Every structure is written in C-alpha cells, then in structure tokens.
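Construct all of the structure, not just a fragment, from the sequences and the given hints.
There are 2 protein chains.
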Amino acid sequence: MYKQKLPSALLEDAVAQIGMLPGIGNRSALRMALYLLRQPVENVRHLSDAIIRLRENVRYCSVCGMISENDICSICSDSRRNASLVCVVESLRDVLSIEATGQYNGVYHVLGGVISPIDGIGPSDLSISSLVERVGKGGVSEVVLALSTGVEGETTSYYIYRQLQSTGVKVTAIARGVGFGDELEYTDEVTLGRSIADRREFRP
Amino acid sequence: MYKQKLPSALLEDAVAQIGMLPGIGNRSALRMALYLLRQPVENVRHLSDAIIRLRENVRYCSVCGMISENDICSICSDSRRNASLVCVVESLRDVLSIEATGQYNGVYHVLGGVISPIDGIGPSDLSISSLVERVGKGGVSEVVLALSTGVEGETTSYYIYRQLQSTGVKVTAIARGVGFGDELEYTDEVTLGRSIADRREFRP
Numbered sequence: 001m002y003k004q005k006l007p008s009a010l011l012e013d014a015v016a017q018i019g020m021l022p023g024i025g026n027r028s029a030l031r032m033a034l035y036l037l038r039q040p041v042e043n044v045r046h047l048s049d050a051i052i053r054l055r056e057n058v059r060y061c062s063v064c065g066m067i068s069e070n071d072i073c074s075i076c077s078d079s080r081r082n083a084s085l086v087c088v089v090e091s092l093r094d095v096l097s098i099e100a101t102g103q104y105n106g107v108y109h110v111l112g113g114v115i116s117p118i119d120g121i122g123p124s125d126l127s128i129s130s131l132v133e134r135v136g137k138g139g140v141s142e143v144v145l146a147l148s149t150g151v152e153g154e155t156t157s158y159y160i161y162r163q164l165q166s167t168g169v170k171v172t173a174i175a176r177g178v179g180f181g182d183e184l185e186y187t188d189e190v191t192l193g194r195s196i197a198d199r200r201e202f203r204p
Numbered sequence: 001m002y003k004q005k006l007p008s009a010l011l012e013d014a015v016a017q018i019g020m021l022p023g024i025g026n027r028s029a030l031r032m033a034l035y036l037l038r039q040p041v042e043n044v045r046h047l048s049d050a051i052i053r054l055r056e057n058v059r060y061c062s063v064c065g066m067i068s069e070n071d072i073c074s075i076c077s078d079s080r081r082n083a084s085l086v087c088v089v090e091s092l093r094d095v096l097s098i099e100a101t102g103q104y105n106g107v108y109h110v111l112g113g114v115i116s117p118i119d120g121i122g123p124s125d126l127s128i129s130s131l132v133e134r135v136g137k138g139g140v141s142e143v144v145l146a147l148s149t150g151v152e153g154e155t156t157s158y159y160i161y162r163q164l165q166s167t168g169v170k171v172t173a174i175a176r177g178v179g180f181g182d183e184l185e186y187t188d189e190v191t192l193g194r195s196i197a198d199r200r201e202f203r204p
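From first to last, the protein sequence lines are chains R and A.
Taking full-length UniProt numbering, I'd label the letters of the first sequence as residues 1 to 204.
Taking full-length UniProt numbering, I'd label the letters of the second sequence as residues 1 to 204.
Read the hints as simulated data drawn from the structure, not as lab findings.
Don't take each hint at face value.
Said to hold, decoys possible - Residues from chain A shown here face chain R by an in silico Cβ test under 10 Å; the list is partial:
(1) Ser8
(2) Ser28
(3) Ile51
(4) Arg55
(5) Val58
(6) Arg59
(7) Val63
(8) Ser68
(9) Val95
(10) Phe180
(11) Leu184
Just so you know, these numbers come straight off a predicted model, no measurement behind them.
Each residue gets a CB set at the ideal place from its N, CA and C atoms; glycine is no exception.
Have a look at this one:
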C-alpha cells in the first residue's frame, strides 16, 4: 500500500477518511483531498453536507424496504404497476438494474442482503419476515426470486421458498442462461448446463 | 454516461456531489453513496467533517507555500535540512514524491501550478514573486527547477530563470534521461536524445 507522511494532520485525516470509501486507495484519496483544496469552499461544503444528510435523513419504504423520500416509495405507490407481482432482490442496486431494463412492471421487496453465516447474517437480519407477512396479507399472486447465484443466494432463495409455502403463493425465479451476445464456448459449464435444462419452446 | 433515475433526492444529490470528485463516474458515485448508507452514522459524520475541515482550516507555509499545520511547515522549520538549496515544484504532490526518494535534503518552493495562457494562469497567479523575494533576501545558494516537461513547464522554468538572473543565484534543473529499468528501445526520442546530450562520466 502506498502510504506517505503528510505535512498536515487535517490532510492526513481527510485522506484516511476518503480512503475508507470502496475502491479508493491511498493514492486516489490524496488526489481527491488535494482536488478539494483547490475547489471553492461552497462546493466542498455542499459535498460534505450531501454525504451526511444522505446518511442521517434517508428513509426506507415501509412496504418494500427501498430507499424512499416518503413513507411509501415511488414504485409501490405507482398505481400503474402490478402490485400482485413481487420481485425479491438483495439491494437497491438490483432494483435499479431491473428498472433500467424497462421489462418489469411489478413491485419489489428489498431483503438487504443474503443469509451468510460467515458474515453473521441470519434470516432475522434480512426483511424476510416482512415479506412473508406482506404475502400473507393477500393480494400477491407471484413472488419472483432474483437473488445472486452461489451458495448464499441459493440458500436464501430456498429459505424464502420454504417460508412462503404455507401462503400458497406462486414462487418463481429469474431465468439463468447464456447471455445475449455471449459465445457458448466461453460460457461456464454451470450456466450452459442450466440453459440446456431450462430450454424453452422456440418462438421465431 | 451511466445515469439512472434514483428513488430519492437525497441519494441523487449525494451521488451528484460524489461524482464531482476526480476519477469518479456516476456508477462509482452510486456505489459509494450506497456504501455510506450502510455505515454507522459516526463514520459518515467523520468523513463529512474531515472534508470540510480540511478545506476550511488548511494553512500554507509562509515560506514555501506547502500545506502546513503551522505558520512555517515541518520541512522549512527542520534545522537539519539545507535551507540554502531550494527545489521549485508545481504542487504538494511533487514535494511528497521527492520526499519519498529520501535523496533530497534541501527545502522547497511550491508554485501552485505552471504558466498556462490557455487556462488563464499567468506568472502573477503563481508563487514566483515570493520565490524571487525569498532568494533576494540571501541565504539561498542554489535553486533546482523540478517542473514538468512540456511547453508550459519549460516556459515557466525559463520565466523563473530570467527572474532569478538579477539575484545571481545558481539555477539548476533536475536530470532528464532514461529511467532505471527502462529499455532504450521503448524510450521516446526526446528523452533518449536528452539523456545522450546530458551524458556524464561513468563512475563504476
């Protein structure tokens, strides 16, 4: 790691703090701190304020758990969306990715992560019971699981599936397969195997 | 550019502000904002404070112009350093780079940039007159120019050289040549040409 003695404790503290951000090493942190020094003080104050206001004043949708300005988020409160179709995702980023496709008209349920005994994350740390409750209240006809593949995601999907069984709701999962434009030759065998097992009728 | 409609104005503002930092695109800015949301509020407050305190409370050495905690920086006030040898650099980053070599025992003079008519930076925007004044006061035997190569750096070096002529101080420039471990084959012709012209006696 690139680490230098800096001539000012203020600068050292700023570099150390900026360096805690994901993907920012010491070198970039120093570059950013020096950049901030050259900016008008109002701009730096705006950045500083935006960061702390985000953390202190953020709210979460009481229905789906997504970041929201109001008690109920813009997606849950949109009457044009199909509230009987609930897609379960790990995080807001997944919501944004699915929204960016423009292919989904249902609503979401943000878990806040996946079950991970190694990281000490159990079912009670995630919004699973609120999902079961939400489905139990009725009005939901299908739950689409869109969690990551891998042991933790699969475990979480299975756990949710078991929890939802008593409600009788239809539980589906997003399709896994060879991506558009991907070469079969370079696709890993698990994905390719799954795409053969999950083959569907050809509709030209 | 990757740009998404975000479900919260607070988040949108934070992402926009973080995205102003050098080398941070919208995607990384979003990743950082979501990371901050998951951190304890004290950590986020510490980051926010460190940034604004740096900008508001930073001081500059009254002798060399480097960032400093006190009126005179740690290098200028170090009696073990040779105060008669002054190395002229563009920025604090160059000071840090030279300090990291452990090969320099003199002091510095931080210009704050180079003369650049395109960016509207003239000699009066840089700490050139304070350098001439500093040398004029006596006690300086050699000024080492360590500015970047290229038209702007060369122009600035020449301008400083001319300004210092009346003081009679010895003006030198750092050596340019083929880097250690570099292949001649892949060295640009200007550097290679300079390294031949500036050849020195071989001392095994």
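Problem set entry | Hint validity - Ile51/A Cβ closer than 10 Å to any chain R Cβ | At about 5 Å, which falls below the 10 Å cut-off, the nearest Cβ of chain R leaves the hint on Ile51/A intact, so it holds.
For this session: Report holds or violated for the interface hint on Val63/A, using the least CB-CB distance to chain R and a cut-off of 10 Å.
Result: Check failed: Cβ of Val63/A comes no nearer than 13 Å to chain R, outside 10 Å.
Problem set entry | Hint check, Phe180/A versus chain R [nearest Cβ-Cβ separation less than 10 Å] | Violated - the Cβ of Phe180/A stays beyond 10 Å from chain R, reaching only about 19 Å at its closest.
For this session: Identify whether the interface hint at Leu184/A stands, where standing means a beta carbon of chain R within less than 10 Å of its own.
Result: 29 Å, violated
For this session: Identify whether the interface hint at Val95/A stands, where standing means a beta carbon of chain R within less than 10 Å of its own.
Result: Given a least distance of 8 Å, the restraint on Val95/A holds.
Problem set entry | Per-residue hint verdict: Val58/A, partner chain R, C-beta under 10 Å | Given a least distance of 6 Å, the restraint on Val58/A holds.
Exercise. When the nearest CB of chain R is found for Ser68/A, is that gap smaller than 10 Å?
Worked result: Hint holds; Ser68/A Cβ to chain R Cβ min 6 Å, cut 10 Å.
Problem set entry | Arg59/A as an interface hint toward chain R, with CB separation required under 10 Å | 8 Å, holds
Problem set entry | Proposed interface contact between Ser28/A and chain R, which counts if any beta carbon pair is under 10 Å | It holds, given that the least Cβ distance between Ser28/A and chain R is near 6 Å, below 10 Å.
Exercise. With 10 Å as the cut and Cβ atoms as the points, is Ser8/A at the interface with chain R?
Worked result: With a closest approach of 5 Å, the Ser8/A hint holds.
Problem set entry | Given hint Arg55/A near chain R, where the shortest CB pair must fall under 10 Å | 4 Å, holds
The structure does not agree with the numbered hints 7, 10 and 11 stated previously, though it agrees with the rest.
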